[in-house]
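**Q** From first to last, the protein sequence lines stand for chains W and L.
Residue 1 is where the first sequence starts when you use the numbering used here, and the numbers rise one by one after that.
Residue 1 is where the second sequence starts when you use the numbering used here, and the numbers rise one by one after that.
Because the hints were derived from the structure by calculation, they are not lab data.
A couple of the hints might just be wrong.
Which copy is meant is left open, because identical chains are indistinguishable; a pair holds if it fits in one copy or across any two.
PhoX-like mimics (lysine-lysine), calculated; alpha carbons at most 20 Å apart, straight line [claimed, not checked]:
1) K144 x K309
2) K339 x K309
3) K391 x K339
4) K297 x K339
5) K309 x K297
6) K144 x K425
Number of protein chains: 2
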Amino acid sequence: MPPLPPGVTAQQFSNALREFGSAVGPEWVLSTDEDIRTYRDAFSPFWEEAEEPIPSAAVGPNTVEQVQQVVRIANKYRIPLWAVSTGRNLGYGGAAPLNSGTIVLDLKRMNRVLEVSEENAYALVEPGVSFFDLYRDIQERGLKLMLDLPQPGWGSVMGHALDRGVGQGPYEDRFGAHCGMEVVLPSGEVMRTGMGAVPGAKSWQHNPYGFGPFVDGMFAQSNFGVVTKMGFHLLPEPEALRLVTVTAPRRDDVVPFVNTVGYLKNAGICPASFGIRSPRNDTGYWSASLKFYGPLKVIDAQWEHAQEKFSAIAGVRFQEDALYRFPLSPDAIDGIPNKNVLGIPDLAAFGQGFVRDGRPHGYGHYFFAPIIPMTGEAMLEAQDVFEQAFKQLELPGRGPVGFTGWQRRSLISLISLPVEHDTGKAQKNREAFRGLMRIAGEHGWGVYRAPVVFMPDAMEVYSYNNHALRRFHETVKDALDPNGILAPGKCGIWPRRLREAREARA
Amino acid sequence: MPPLPPGVTAQQFSNALREFGSAVGPEWVLSTDEDIRTYRDAFSPFWEEAEEPIPSAAVGPNTVEQVQQVVRIANKYRIPLWAVSTGRNLGYGGAAPLNSGTIVLDLKRMNRVLEVSEENAYALVEPGVSFFDLYRDIQERGLKLMLDLPQPGWGSVMGHALDRGVGQGPYEDRFGAHCGMEVVLPSGEVMRTGMGAVPGAKSWQHNPYGFGPFVDGMFAQSNFGVVTKMGFHLLPEPEALRLVTVTAPRRDDVVPFVNTVGYLKNAGICPASFGIRSPRNDTGYWSASLKFYGPLKVIDAQWEHAQEKFSAIAGVRFQEDALYRFPLSPDAIDGIPNKNVLGIPDLAAFGQGFVRDGRPHGYGHYFFAPIIPMTGEAMLEAQDVFEQAFKQLELPGRGPVGFTGWQRRSLISLISLPVEHDTGKAQKNREAFRGLMRIAGEHGWGVYRAPVVFMPDAMEVYSYNNHALRRFHETVKDALDPNGILAPGKCGIWPRRLREAREARA
């Protein structure tokens, strides 16, 4: 039997499920053991341990009105909901909630592409729309628009942005590329943000701000509402994409090397996300992978300018990896290994995710993802600090060699820890993960997101002025969600009635 | 005698001023009639009428700690505060509060440039830092960075962004270009947002988001806190700037014409803000002013590409207005009429602001500023709708001829109404202003900001689902500011104890 929500009797739970069934259709209330299994985190750091969070059921509304009804029923019974959209979120917690007994609010049926404008280069989508869905829609209508994709493509366009994921191209800051939201609040009321608050709004997907406070950010990585519609700005299909690699030979080159890459991004000359590594092999000590999207003559000029700038570093080398012209023919697409840089979603990432040190690794991984400044000094410091931390925490390897440049002036390193099914090893890795977050915090670094089960730990690091930011969140939480029914504990934000346990520990 | 805050006795007020004096220094508590005069709105639509909001005093803290003390004293006495930074905000309400008796919290003494990084192209500033101040700081240090400026340059870098003003270059979305905030909350507590919530944060001005909900937007156009520090991303000094004008001859050209300009912005080929007009003279029916910032060879390629795209419109004409190479010599700068496109602040805008129809106009103006989609169809519709509205409201002229493209996919038209010192005329213009907002709302358009005295009217238009957004704001307001001491009524957001009047009217 799946666990019940805390403080809810079996009879109340059964009544609630019946009411959910009236709202969404009984076939969309999923509560058998088999149903529940699909909502567990396949990469859970607590796999099969007592602490592994197991949902009590899942409910799948098909419309905004049904989401509102579900939220109202949850309030009536004080049953917590955990909203998920589509995709698997592997490495960051899957579809599983933070607390056993929570009901998963599965939004995957709401998968309508509501509007796509080629003229103003935007899309308005529901939560269940995957990158595949949106890509297909755009192709079928023959619109000259490109998606800015993560790996892999099955994820939700909206969910990925709300978790502040990153894309491949010039619109890499996926949350930053959104424009306009519709949100079901914890009260069950529906709200539209930005220009969408004007009835019959004409510019909801044109200007993100509207009038007065800009509230959209409150619904990212949050438990303040369930986002049911969201607009996104898209890149007009470029003429071409050029992929290049630049290498620099010496360790000391890192400062001017990263400065040059940062300058190209900050000046809008190469605004896409980029990778930068110290591969320690014959391609050079430092290596940067850059992507230029645009009219051919413009990207030629940009690449030429980039080479001039890099040439201040003695021994720098340039390699042109590929040049793609759009539109691509189906045949051309077939032969391309890394399609997502072209805005074509695929699942090729899974060729990598299950392989560690060249050997298949069956249990998955979870991500430690600290944000550091986009400077060579910060990269060297992070490599040193985490190399020490890896030793201290008895983790294999030497820590980060690669960084990705994204979200304005920041670099991120994705460090994956293996999921273990041996309890002792699993426990050790969890402690190592918490240790990495703590050590990062001691150096002024925090993570950009975290696996669900580690979210409260991640927020512990964001503690300036006795956790002023978390206290702000929790003041807002209590005001908006007095019954604490939306995703209690998500990102460390607990409703009043569940805060006591944390405060007792502190 | 200046008016007292509502519900506060003369004795209490006098005690409060003494306490404010202990906090900030008695010389920075300003309460004589002469002091107060400088905080009136020189362009008030209610000039010298009973309804003109007159502050009771002004208090000028010099540090974050002093801001905290002032806020705590205001809570003790239930005295409302209205935060202003520096500059005049002419046309949008000046330094005057919404309600008579409010104390102006004048932050102009806090004018320190705390940090400027050339490497990561950002600045961290206090509220009183003007564009002049920041420009001077950057020049003195010889940093290769450019400011993205409004007109005129005396305004606060922070205040302008918090009001969601617009700049001239690729970082035109000034609020969007910010990264990291420090905020004094209505409780008097200080909070840092984004990565700044990590003690000793290393990437506060590098990544805007941090972990968990992204709260910064809540402090723009808002009364939820007093922002005391704010980071901004800057453009690395470009090699060159090319100014061009493109014209198209026929009214029907507007759809492809605006589409082309929009494509150039959305694709990052010409991301700066732009102007588009129907000048009805021999330069063509439609005219667009574009700005290309970057390496010379890149902007040459961008401009060439732009011309190819525009050439699909028969009869289109191109004019190269100026080409500037950086760095500019002081002599070169002297001779340039419109310096702010070059990132050099000036006050030249005031040559225009006081002139109407070629004649000097002494009393000023206030701005009606609706947001519409960036399409030719929307421009034509707005021109028609507002031409009708002008007739109906008996306003002189024919309504908007010019639009500015900014903040992603939106066009804005700045329509100025004259301030009148004759009560009858003033009343008529105020009614016309409210009429324009109402008519805009009927067509699905809202304003991006409004003169302070019209803020509650502006928010009336953002009424989707029985004012769900405003109710959200007011729920948050009551939770954060239970005494309602920060800027009551700003953007139509009233604390609980002052909402009854509005609700009685409705």
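**Q** Using 20 Å as the alpha-carbon threshold, which applies to K309 and K297: within, between, both, or neither?
**A** For K309 and K297, the Cα distance is within 20 Å both inside one copy (18 Å) and across copies (13 Å).
**Q** Can you give me the call for K391 and K339, within, between, both or neither, at a CA distance of at most 20 Å?
**A** neither (37 Å within a copy, 56 Å between copies)
**Q** Since the copies are identical, ignore which copy is meant and state whether K144 and K425 lie within 20 Å (CA to CA) inside a copy, between copies, both or neither.
**A** Answer is neither: 50 Å inside a copy and 52 Å across each miss the 20 Å cutoff.
**Q** Tell me, please, which holds for K297 and K339 at an alpha-carbon limit of 20 Å: within, between, both or neither?
**A** Result: close neither inside a copy nor across copies, 23 Å intra and 30 Å inter.
**Q** For K144 vs K309, is the C-alpha pair at or below 20 Å within one copy, between two copies, both, or neither?
**A** between (33 Å within a copy, 15 Å between copies)
**Q** Have a look at K339 and K309 and pick one of within, between, both or neither, based on CA distance no larger than 20 Å.
**A** For K339 and K309, neither the intra-copy (29 Å) nor the inter-copy (28 Å) Cα distance is at most 20 Å.
Of the numbered hints given earlier, the model fails hints 2, 3, 4, 6; all others are met.
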